[in-house]
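Participant: Go ahead and model the full structure; you've got the sequences and the hints to work with.
Residue strings, one per chain:
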Amino acid sequence: MLNRDGIAYRVACELPEGSYVNLGIGIPTLVGDYLPQGKDIFLHSENGILGMGPAPAPGKEDIDCINAGKQYVTMLPGGSFFDHPTSFSLIRGGHLTHAILGAFEVAANGDMANWRSPGDKVPGVGGAMDLAFGVKNVWVTMTHVTNKGKPKTDLALIDVTPDGLVLREVAPGIDPATVQAKTEAPLRIAPDCREMNVPAKFVASQLTA
Amino acid sequence: MLNRDGIAYRVACELPEGSYVNLGIGIPTLVGDYLPQGKDIFLHSENGILGMGPAPAPGKEDIDCINAGKQYVTMLPGGSFFDHPTSFSLIRGGHLTHAILGAFEVAANGDMANWRSPGDKVPGVGGAMDLAFGVKNVWVTMTHVTNKGKPKTDLALIDVTPDGLVLREVAPGIDPATVQAKTEAPLRIAPDCREMNVPAKFVASQLTA
Amino acid sequence: MIDKTLKTCKEAVASVFDGACIMLGGFGDPGLPGMLLEALREQGAKNLWIIHNGAGQGDSCLGGLMGDGRVRKLTCSFPSHPGNQAFAERYMRGEIELEIVPQGTLAERIRSAGAGLGGFFTPTGAGTELAKGKESRMINGREHIFETPLFADFAFVRAYQGDRLGNLTFRMAMRNFNVPMMTAAKVSVAEVDELLPAGQIDPADVHVPGIFVDHVVQVARHPVLAAVQKVGR
Amino acid sequence: MIDKTLKTCKEAVASVFDGACIMLGGFGDPGLPGMLLEALREQGAKNLWIIHNGAGQGDSCLGGLMGDGRVRKLTCSFPSHPGNQAFAERYMRGEIELEIVPQGTLAERIRSAGAGLGGFFTPTGAGTELAKGKESRMINGREHIFETPLFADFAFVRAYQGDRLGNLTFRMAMRNFNVPMMTAAKVSVAEVDELLPAGQIDPADVHVPGIFVDHVVQVARHPVLAAVQKVGR
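Chains as they are written, first to last, in numbering that gives the first Met the number 0: chain A, 0 to 208; chain B, 0 to 208; chain C, 0 to 232; chain D, 0 to 232.
Keep in mind that the hints were calculated from the coordinates and are not lab data.
Please note that a few of the clues may not be correct.
Unchecked claim - If you want the footprint, here are the derived chain D segments under chain A, 3+ residues with CB under 8 Å:
no.	segment
1	5 to 14
2	112 to 123
3	160 to 168
4	171 to 184
5	187 to 199
C-beta atoms are modelled at their ideal positions from N, C-alpha and C, and glycine is treated no differently.
Facilitator: Shown next, in the form of structure tokens:
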């Protein structure tokens, strides 16, 4: 199985050149650290930024340059600043190619329920619902959740298709049967389902039960 | 009675400091030439300009700086450029204080029908309807029209009120009875109705029948 | 590497098909994509639906396209400008369908499409001839009518600066309809005065972020639209 | 001469009344009107309806206003940020009414008010718990819900530069909700880093034209919001 950085690494590898990508809070934010070299990929943040670069060096933070997670960021050449109406026109109008979100649960049809966690004291939706409704490809990074609600480290790359969930890749050391056992919804195994190719540092030492 | 510049002069005198004013095409455009000195009055144009100044000197025109009448204009200090959605947010949202429009007919309740002249080959509305619906004070400059449809030089300053048309001022040499005779709708004469105070150069030599 | 630049306007209009819906930017000369329009005239697609503020003037640019008989429908606010003969003659003969939209409603319908909205209620035009057939309701004590988003297959505009990533800036009154039009078409193209290296446009100065733009072509302005010089910034 | 400048934040909040509806700009620290908020805490108006992206953090600025028990209603998208204790405690006790709005819908409802529109249809939230009680219809084959414009009595924001005419610019990510909020309130006030002579802001660089702005106050940033330095432009 993968550690958090491993999840981010695997997702980053999947992004094609020319992607315009919104990164959610948590694991998705880490994706920015693993973007493939030499590809033009633009990162968007709800608060009016397109073209974010890596985190600034300590002491080089700019008070007015943060992402939607309230972390300081830098800008890459060719980026732009704009206001919230424009930022969400870009989201809702279908101009982003990818949104990478965290979610506490994904149903078999891809519906997400990430705006009100059971047990949260205060509900909140932020920009996640606009992203879920507006972006062509919504990818969800999550720690795999059993039907008992216990979090697991990440196990698999799963596509949401009109025919249900399709298992495309399993994390190193995990077999498809294990993934299905930890997944409430039924999985179909893709004909070319294979083990992920990720550097060893991204593989967690063992499956924590 | 007044000539065209006289109409523009009289209207310009009426604008208070701090006005944000859209000038329509024709006589309204001339208002920009007679703004009172020393007052901050901002002129708006539908095509995304606030803070227009006078026409540029010959040879000083800028290819990208025109008003809604497609005439070259200059900018005053403190002006701004913006796009059409913003420009009409400013109009429709009630942010302008005055719109000065031309119109071929004003009914007694102030309704205007300036988007389709009888006999026009091609109808057109432009920004006039947004202005009529969005701006607090709509002033109409027009050559006075008899019920036979013949144009006259301007005769009077008339307020449109919930109680109908109120005659506030008459042009030099014109009496209220003459204005009523040339006006299809009934006029009430304001208690303080008086002759306009305008320089002699703005008075037309005679009432053209 | 993303490279949205094209060498010629000819390439930029090559995929326009018969019956396509095309947004044309500009209000008066500023922002009008004169060179793309001439390339479109050469290209030959017909039965076009044009969305623009006016109806074209004279016999070049949109006036030329009208004169060539290539337009079946025009959505605009003000087609009655003097100099519109090419349009007026065909319109009077019933050869062109005309949809008149108040100027602010036109801009907002285009923005609504680009912003992924399903339409809006506006007071403009309520109770007038232009409201006929439109849904109407009272909102905050005032009559409003429902207006729908306006999409296009192509949007063509003139911008000031552009880069290979599609970022655009506009001089002075060039922004007009061009900013929302770049967001509302399947394929959006800007002809530009200056093509700059990526990163040369300050992120705060970008008027249309590159994400909205498909192609950028650097080309001198149409001679008819460049009658006077640029003076200031 | 128009002069929209005020000397102090105290003057700028003096007319806030009990029960007023107030838009607060900012997303995170950039654009948050920290000094106007502290002046509002001093001023004492209560039963306020606050429109803001979040619910405030810590015990200064909006967090302080929450802790002081001055807010009866909050319209926002994301009140669940860690550090929201002042709000969360009162909300859990039922002392504050909460209206959750998706972030893009919140921005668009504010813009809609400032733009004189009567509301809009959006796909965001259709079919979810947030759509309950809202009008819904199919548009272009997709379910949309109707959202209404959001007005306020006051809007308070932080901007970068301002002038006596009310023109404003913003640095980097300061624009956020601040641009539409300045258009949607009866009284709109910006605290600014720099007050410039009229005419010093290039017309192309104005982010909010002065027509939308009632008052401008130059004041150093709230110390809690100025933890790191400005680096670039």
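Participant: Compare the structure with each hint and give your call.
Facilitator: These are the hints, each one checked on the structure:
1. 5 to 14: Result for this restraint: violated, n = 0.
2. 112 to 123: holds (count 3)
3. 160 to 168: With 0 residues in contact (Cβ-Cβ under 8 Å with chain A), the coverage given for the segment 160 to 168 of chain D is violated.
4. 171 to 184: holds (count 9)
5. 187 to 199: Violated, because only 0 residues of the segment 187 to 199 of chain D bring their Cβ atoms closer than 8 Å to Cβ atoms of chain A.
Comparing the model with each earlier hint shows violations of hints 1, 3, 5; every other hint is respected.
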